[in-house]
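Protein chains in written order, with the numbering used here: chain W, 1 to 399; chain A, 1 to 399; chain U, 1 to 399.
Don't take each hint at face value.
Remember, identical chains collapse to one label, so a pair may be satisfied in a single copy or spanning two.
[Unchecked claim] Straight-line C-alpha distance at most 25 Å; calculated DMTMM-like pairs for lysine to aspartate or glutamate:
| id | residue 1 | residue 2 |
| --- | --- | --- |
| 1 | Lys296 | Glu323 |
| 2 | Lys338 | Glu301 |
| 3 | Lys289 | Glu112 |
| 4 | Lys122 | Asp271 |
| 5 | Lys296 | Glu236 |
| 6 | Lys351 | Asp290 |
| 7 | Lys175 | Asp370 |
| 8 | Lys285 | Asp368 |
| 9 | Lys241 | Asp370 |
| 10 | Lys241 | Asp271 |
| 11 | Lys175 | Glu199 |
| 12 | Lys131 | Glu118 |
| 13 | Lys122 | Glu180 |
| 14 | Lys338 | Glu177 |
| 15 | Lys175 | Glu141 |
| 16 | Lys241 | Asp286 |
| 17 | Lys131 | Asp286 |
| 18 | Lys204 | Asp363 |
| 19 | Lys311 | Glu141 |
| 20 | Lys175 | Asp342 |
FYI, nobody ran anything at the bench for these hints, they're computed from the structure.
What follows is each chain in one-letter form.
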Amino acid sequence: MAASSLLFSSQGIMSFHKTTMCYKDFRSSYLDVVCKQSGRSNFMCLARSRLLPNETLSKCEQVVKFSQKNDFLCRALKVENSSSFSTGKKFQLDDVIEAQQFDRDILSAIFEVARGMEKIEKNSLGSQILKGYLMATLFYEPSTRTRLSFESAMKRLGGEVLTTENAREFSSAAKGETLEDSIRTVEGYSDIIVMRHFESGAAKRAAATAAIPIINAGDGPGQHPTQALLDVYTIEREIGKLDGIRVALVGDLANGRTVRSLAYLLARYNDVKIYFVSPDAVKMKDDIKDYLTSKKVEWEESGDLMEVASKCDVLYQTRIQRERFGERIDLYEEARGKYIVDHHVLDVMQKHAVVMHPLPRLDEITVDVDGDPRAAYFRQAKNGLYIRMALLKLLLVGW
Amino acid sequence: MAASSLLFSSQGIMSFHKTTMCYKDFRSSYLDVVCKQSGRSNFMCLARSRLLPNETLSKCEQVVKFSQKNDFLCRALKVENSSSFSTGKKFQLDDVIEAQQFDRDILSAIFEVARGMEKIEKNSLGSQILKGYLMATLFYEPSTRTRLSFESAMKRLGGEVLTTENAREFSSAAKGETLEDSIRTVEGYSDIIVMRHFESGAAKRAAATAAIPIINAGDGPGQHPTQALLDVYTIEREIGKLDGIRVALVGDLANGRTVRSLAYLLARYNDVKIYFVSPDAVKMKDDIKDYLTSKKVEWEESGDLMEVASKCDVLYQTRIQRERFGERIDLYEEARGKYIVDHHVLDVMQKHAVVMHPLPRLDEITVDVDGDPRAAYFRQAKNGLYIRMALLKLLLVGW
Amino acid sequence: MAASSLLFSSQGIMSFHKTTMCYKDFRSSYLDVVCKQSGRSNFMCLARSRLLPNETLSKCEQVVKFSQKNDFLCRALKVENSSSFSTGKKFQLDDVIEAQQFDRDILSAIFEVARGMEKIEKNSLGSQILKGYLMATLFYEPSTRTRLSFESAMKRLGGEVLTTENAREFSSAAKGETLEDSIRTVEGYSDIIVMRHFESGAAKRAAATAAIPIINAGDGPGQHPTQALLDVYTIEREIGKLDGIRVALVGDLANGRTVRSLAYLLARYNDVKIYFVSPDAVKMKDDIKDYLTSKKVEWEESGDLMEVASKCDVLYQTRIQRERFGERIDLYEEARGKYIVDHHVLDVMQKHAVVMHPLPRLDEITVDVDGDPRAAYFRQAKNGLYIRMALLKLLLVGW
Chain W
1 MAASSLLFSS QGIMSFHKTT MCYKDFRSSY LDVVCKQSGR SNFMCLARSR LLPNETLSKC
61 EQVVKFSQKN DFLCRALKVE NSSSFSTGKK FQLDDVIEAQ QFDRDILSAI FEVARGMEKI
121 EKNSLGSQIL KGYLMATLFY EPSTRTRLSF ESAMKRLGGE VLTTENAREF SSAAKGETLE
181 DSIRTVEGYS DIIVMRHFES GAAKRAAATA AIPIINAGDG PGQHPTQALL DVYTIEREIG
241 KLDGIRVALV GDLANGRTVR SLAYLLARYN DVKIYFVSPD AVKMKDDIKD YLTSKKVEWE
301 ESGDLMEVAS KCDVLYQTRI QRERFGERID LYEEARGKYI VDHHVLDVMQ KHAVVMHPLP
361 RLDEITVDVD GDPRAAYFRQ AKNGLYIRMA LLKLLLVGW
Chain A
1 MAASSLLFSS QGIMSFHKTT MCYKDFRSSY LDVVCKQSGR SNFMCLARSR LLPNETLSKC
61 EQVVKFSQKN DFLCRALKVE NSSSFSTGKK FQLDDVIEAQ QFDRDILSAI FEVARGMEKI
121 EKNSLGSQIL KGYLMATLFY EPSTRTRLSF ESAMKRLGGE VLTTENAREF SSAAKGETLE
181 DSIRTVEGYS DIIVMRHFES GAAKRAAATA AIPIINAGDG PGQHPTQALL DVYTIEREIG
241 KLDGIRVALV GDLANGRTVR SLAYLLARYN DVKIYFVSPD AVKMKDDIKD YLTSKKVEWE
301 ESGDLMEVAS KCDVLYQTRI QRERFGERID LYEEARGKYI VDHHVLDVMQ KHAVVMHPLP
361 RLDEITVDVD GDPRAAYFRQ AKNGLYIRMA LLKLLLVGW
Chain U
1 MAASSLLFSS QGIMSFHKTT MCYKDFRSSY LDVVCKQSGR SNFMCLARSR LLPNETLSKC
61 EQVVKFSQKN DFLCRALKVE NSSSFSTGKK FQLDDVIEAQ QFDRDILSAI FEVARGMEKI
121 EKNSLGSQIL KGYLMATLFY EPSTRTRLSF ESAMKRLGGE VLTTENAREF SSAAKGETLE
181 DSIRTVEGYS DIIVMRHFES GAAKRAAATA AIPIINAGDG PGQHPTQALL DVYTIEREIG
241 KLDGIRVALV GDLANGRTVR SLAYLLARYN DVKIYFVSPD AVKMKDDIKD YLTSKKVEWE
301 ESGDLMEVAS KCDVLYQTRI QRERFGERID LYEEARGKYI VDHHVLDVMQ KHAVVMHPLP
361 RLDEITVDVD GDPRAAYFRQ AKNGLYIRMA LLKLLLVGW
């Protein structure tokens, strides 16, 4: 949680849920924060003032945090330069929990910040935008790739990291602590928590507990929203647009949360056509198909990878996950060999089209594809860095 | 080890044990360090000069470290501004090994520094007090909570961290390195070692070997002194005093090193009364009772939690540890259900009293207590951060 | 990979393999980099400009990286102050893969930088030479000692670290990602990779893939080049010279990659004599003996440790590795007890001679040796820090 950007109406009275940031000039009080709360309840007021970078350097950010979800009154008496944080920013970002929370405008705004991050990563001695901020990576199951991406993002922005890849120890059977208690402890040591968990819905529970922002880095079969964001960002960077594109989703469409989240996000755009190409055992489920239909997104199932490859702008390949087939290794072997992206597939693809993959890959894309400029998957992985840099910035210091 | 603060008498000759810090002006030599040592013995002279923060910025701290515990002569010829590091500081802090090493005056001085840390944590861009310092967390058994707390403390002060949560690999049966050899290696890479070990006394052995400060972050059934310090600090912060308080220790009093250490420290104060409330299987042992009696601390055993709760200022609940009961799960279940802190207990507690717990908790405190302002356990966990910030500062740069 | 120093001939056209750094003034373009490449291939151009420390502070380093190993043309139109990076630097350091890559001149140049690192480690608030740089420690098998040494080196120079001690998860059987794919992902998140792997040759494969520098921190039975460098550096620091020295290699000479690499490097110097002292089961293999003979290095096998000890300048003891003996514990016990360095050995050693050991040690050096000034093994471990600081600096910012 955490409100990163607020619309202050001068003299107005507003009620905010969860953490709220109020900007206050150091020397004269332009903004008078009045907090009222009935009773003394379990109130952890972690006021934190920091010098902000750039144009807000003379401002002080005062975060008033509640460990309980108490609404409170914030009376803005005078706001100077409110334009600097309200110009066209129509939303606030509290937590990143699921792909569905992002509409087209938010995505566009995040992508703009991410493009700025590409410049920061490449051109500087290292940015100091997040200097003094601490991110905790609370991983209840290991995911080195995702963890490294987040930690790199934080450090490229000058922030610091607390790493916990064995967070299951927090809630071990022997000790039996609840997720909520663990979150309450860790939020006392950090400014933002990036969490990976083995249970669907864990990120939402964490966000409901924490007074600081939570980023879902994957919760079991549930969501992995930053992967979905980087996928859409990559399509825009590679193809140049999101409206009017044709996207082929290939491979394990039944179990891959990646392609499911991507389908949700593509439905935000106009004139998108989606092709589903998958072995029978792992077909896209009806809920997504129905959702796309309800949103008037054209979709089609196909068994002909070559034909689809020749028409699409994006060929999004995924790994067939062996563990989904249990004892039926024969079915697994049949499924995994069925739709391979190799140089024959490349031959029929359009010049401007790209091949994407969430990685890791086995042999569903052959290595001879790697050298082709249309092989976008390592650029895609790199885009994860920019998206995560953007999200960390937005959640911690706002727009 | 490491002497953080020294009393320099001009022209005097002093003998220090273990590491000694001598302050020396960069330009003119105000202090002449004469080191004499018989023979060449295994001498690791790790002289390190640093610019110190604040008023000592123009000074250079020169640490002369010995890996062997050789006393040496340090002749102070001229000392400028010695007042800045000798004003009323009557002790030096070398290592943090056990709760008993702290008397009332030291506790008071540490708590004063810890209160300053609360301000630093809340109000700044991030302190740079420990910039350039490296802390190694040498954990021979994992303890994510404690490790995160120390690492957060170090980073909040601008310091850096080397993390080793699998330190057992250092001394694995296969390789068989001694703790002493591991310490000698790690001290070459860091400025302070925070150590957790599975054997009682390990921290003391490490401190006897190391030329840099050692902090005991728990050594098996032995000590966990920073937990004891944060407990006492929390009582002072919540109740406003330490003399004349009534403290109920509840739960597993036989095995919990937390309550044992707390009892030792409470004996430093006047007119303290302690209530022991525990299932028969895990009663407080006689050594602590005898110690309290010898220190004229009033104590009482009680089986009536409600009555004790109505009288005490602090109700310190602990977890019944299942592993202590072996096969006798029936006894465990009986013990753990006996003294639960719930809203009925809260109802009889005084308005100003607080409930504490070292965490993690299971159901010995019900979640409906969390919302009450008297539930101090998450604030208590947060206080661990301030205490550890204070200790790191004191051990590394002195008062 | 990564070209750290380049010889720019004005107006000349040069072809570089792998990453190439071109220096470019910010204000006026002194150097025009023209990159030509046939086709669009999988081109990850990660241009990164940074302010460089010291004399090159007004320069901008532009790293053009290719994920594929495409040579490209770099046309230097005008170079100002090219002398600052070509003065006497006759080589460039791309990766650190094996001991054999270093000749006498390179060793000498690296050691000079390492000596400078001793001053930096001891005298400063913490250097900022590598500020803004990120090192990934990609460890496919844990080695806390080596990892800590590298991470300390990076942090002492102001750099940041991403830690992955469970990197096997990247290429787990379940997921099956290739090393090459993992490297391509991690290089997107960091500026240099320090890699430890369980397979011989892994570092070379990584370096062939990566566009950023790779340091081999041990690849199975293969190489551990930074250990070899620190060993030679220690001999020079302790004895004062490398030509004309007498070195005894003791213990497991058959399996220890350390002594094998050291033998290779000692062959770079003049008038060196090497004694091999080992149990029959673990004698030095013929390939090294033949190599030394071909390089005209005198060597001798001996079974008399006392006699060798009385003559040598360096007594390099190693651990007998139990795992090499399988079921034959009797042979292991016989081998390990045969050549112990104790105070009797010290008694016959020359005053200026030293005892070295790569650590960890068991009882092949008795603890009563530790106090003798000739016991150099902990100083040797510390030298690993300086060598690694030097290598990180050279690979990331050049000479």
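(request) Please name the hints from earlier in the document that this structure breaks, with their numbers sorted from lowest to highest. (result) Violated hints: 1, 3, 4, 6, 8, 16, 17 and 19; rest satisfied.
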